[in-house]
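Peer 1: One-letter residues, chain by chain:
2 protein chains.
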Amino acid sequence: MTPMPLAIAAAADKAIVWENDRLYLLDQRVLPAEEVYLEYHGAEDAAEGIRSMVVRGAPAIGITAAFGVVLGARRAWASAGHGWKAALEPGLGALAASRPTAVNLFWAIARMRKVIAGMADDGDPTPRLLREAQAIHAEDVAANRAMGELGAALLGERTRVITHCNAGALATGGYGTALGVIRSAWAAGKLEGVLADETRPWMQGARLTAWELAKDAIPVTLLTDGAAASRLALGDVGWMIVGSDRIAANGDVANKIGTYSLAVNAKYHGVKVMVAAPTSTIDMQLASGKEIPIETRGAEEVLCCGGTRLGAQGAEVWNPVFDVTPAALVDAIVTEKGVVENPTAEKMAELMGR
Amino acid sequence: MTPMPLAIAAAADKAIVWENDRLYLLDQRVLPAEEVYLEYHGAEDAAEGIRSMVVRGAPAIGITAAFGVVLGARRAWASAGHGWKAALEPGLGALAASRPTAVNLFWAIARMRKVIAGMADDGDPTPRLLREAQAIHAEDVAANRAMGELGAALLGERTRVITHCNAGALATGGYGTALGVIRSAWAAGKLEGVLADETRPWMQGARLTAWELAKDAIPVTLLTDGAAASRLALGDVGWMIVGSDRIAANGDVANKIGTYSLAVNAKYHGVKVMVAAPTSTIDMQLASGKEIPIETRGAEEVLCCGGTRLGAQGAEVWNPVFDVTPAALVDAIVTEKGVVENPTAEKMAELMGR
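First to last, the sequence lines map onto chains F and L.
Take any residue in the first sequence, note its place counting from 1, add 1417, and you have its number in the numbering used here.
Take any residue in the second sequence, note its place counting from 1, add 1417, and you have its number in the numbering used here.
You may find that some hints are simply not true.
Same chains, same names: a pair is fine if it fits in one copy or spans any two.
To be verified - When the alpha-carbon atoms are kept at most 30 Å apart in a straight line, the in silico DSBU-like pairs for lysine-lysine are as follows:
1. K1607 <-> K1684
2. K1531 <-> K1764
3. K1689 <-> K1707
4. K1684 <-> K1502
5. K1707 <-> K1684
6. K1689 <-> K1607
7. K1607 <-> K1431
8. K1754 <-> K1431
9. K1707 <-> K1754
10. K1684 <-> K1754
11. K1632 <-> K1431
Treat the hints as calculated values from the structure; they're not laboratory data.
Isolated chain F, as found in the complex:
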């Protein structure tokens, strides 16, 4: 993938761009110091872009996978003609194996597979699949806009909020889930400001959330993950607002490591907890959070920071990338289909039945 600055990039915070029949991903590993788009040509390298976290954030992973299918299908048609469906399988497999936790990935692949299954094999599948990927992308942004309104409406009065990780434009097709609620609330005059956990080990808060909010001139204050408890104790924070990588059928929420710690502290300090996520993040196949696969990544992510080895030799490392917040700690799950307050299995089933 050759780094390629795009004219449209500089003023935008678009994680995923389809232009000139090519897929471009903003390299989120190097933000905010550098704003660089990498170009992708096939399903396998799109999968590597997901695995290596060039793109991250559950909805963005799903959208990227959909475009990865388009790239794979175009190559498969070019190389195998009428045999394109079989030729596409390795690429589909690579995409599905890229990262295990975000269910949006599997949701998007399943949606693309459904379209593939309904297509004849005697014509170039690329245009039809591209329209589907673009629909997935556009629907995600529309869902975020809807969630922004629904979530902002829950913030009864002007308040300060705290967030964790990056659930913004960079994590989605645009606008963001948690940051979408924050943007809508800010536009409605409901926000004093935003506190952002820096979110070790990967610093999505410090690097990505702070970047997005500062660009939008929304007041953002960075703090270390461990400092959040004493900040909440000051009493001026009304809501914790986060996204999610997977929500179980009972409303248990998997999100970036550190979310559960913040939720426990939110509960302790009387701060409400809102999880904003599209229904493509909800996995009704899993009864509870215990069943959500939790990715672990390399020790170097914890032993190093800012490219420097800090951790002492001889230490083991525990690096799960996500944790699970039980439904009991969640005050509201905000989706594009509506809001579930104090989630239970029954309420989640009702939401998903609509």
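Since the structure of chain F is provided, determine the placement of chain L on it from the hints.
Peer 2: Coordinates of chain L only, in the frame set by chain F:
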């Protein structure tokens, strides 16, 4: 201060060394990558060594201040003769202004001032003051040994513990407070292993605690501060064991930022909380933790990590260096004079009256 490797340094983890009539401080800013001792010549540069965190940890700060008084007195005698007491005042002021939270600093200066007040001004004060500083140092190690035994005795069965920051040999005259309990418990066969919060922003856990424990072959696992909650949820951690920079008269505990977050999560998960600190850390002048001065440090500590700027431009930063854990969340305060379980103002007064 000229960096000067010392022969004794390589095999030891001594934070403070008096040798050849000189004070040497192990530069804790660069551990574990480099093991370097800096040499100090006067009270003002000893104060700078404290301010800049070459040495840190409340008991170590107090001991360093005591040796700083010795250095200051030697210079004052050399420059002002019989006027040495007045000539020493600026240095005493610099030491007292170096950092505001650790009460051991003020305790040590007060103890040295008491000796100074009882001395004639017509002889070199250095030998007498040096003996006092060395007594403070030795008493701290003895206190840690005593605390180690008392704290280890509270760990009824073999268990895993979690710690935060560095309350080890590097934070004290030697052996450590929280790490002293951990060392004693390990020697008694009571420990499965130690979990160590990396402790952002300054990484005392990753750099210093992991270094000390790995040197002693005590199994240590590093995790990010936000990951501790989900680790505690696994159910195999019996105790959280930490040190303190200042304990109020009612048992409220100030310690490294992130301690309070961990204590809230410990309570939530049924993990007991032990604070190990010498009585020189207890401040009976302050009724509660609300009165403890909480140092704040520069934004760059949060915006940067490993020497690299990570935080986006335009973000504010909140960087208090300490937080306060209310006595209600503390199961035991372990001091060299004894243990206070479920601390209250009455129990603390009884301890300090002994």
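Peer 1: Each hint needs a verdict: does it hold in this structure or not?
Peer 2: Verification of the hints:
no.	hint	verdict
1	K1607 <-> K1684	within (22 Å within a copy, 33 Å between copies)
2	K1531 <-> K1764	within (28 Å within a copy, 69 Å between copies)
3	K1689 <-> K1707	both (23 Å within a copy, 25 Å between copies)
4	K1684 <-> K1502	neither (50 Å within a copy, 55 Å between copies)
5	K1707 <-> K1684	both (21 Å within a copy, 22 Å between copies)
6	K1689 <-> K1607	within (15 Å within a copy, 40 Å between copies)
7	K1607 <-> K1431	within (26 Å within a copy, 53 Å between copies)
8	K1754 <-> K1431	within (24 Å within a copy, 61 Å between copies)
9	K1707 <-> K1754	within (25 Å within a copy, 45 Å between copies)
10	K1684 <-> K1754	within (26 Å within a copy, 37 Å between copies)
11	K1632 <-> K1431	within (13 Å within a copy, 47 Å between copies)
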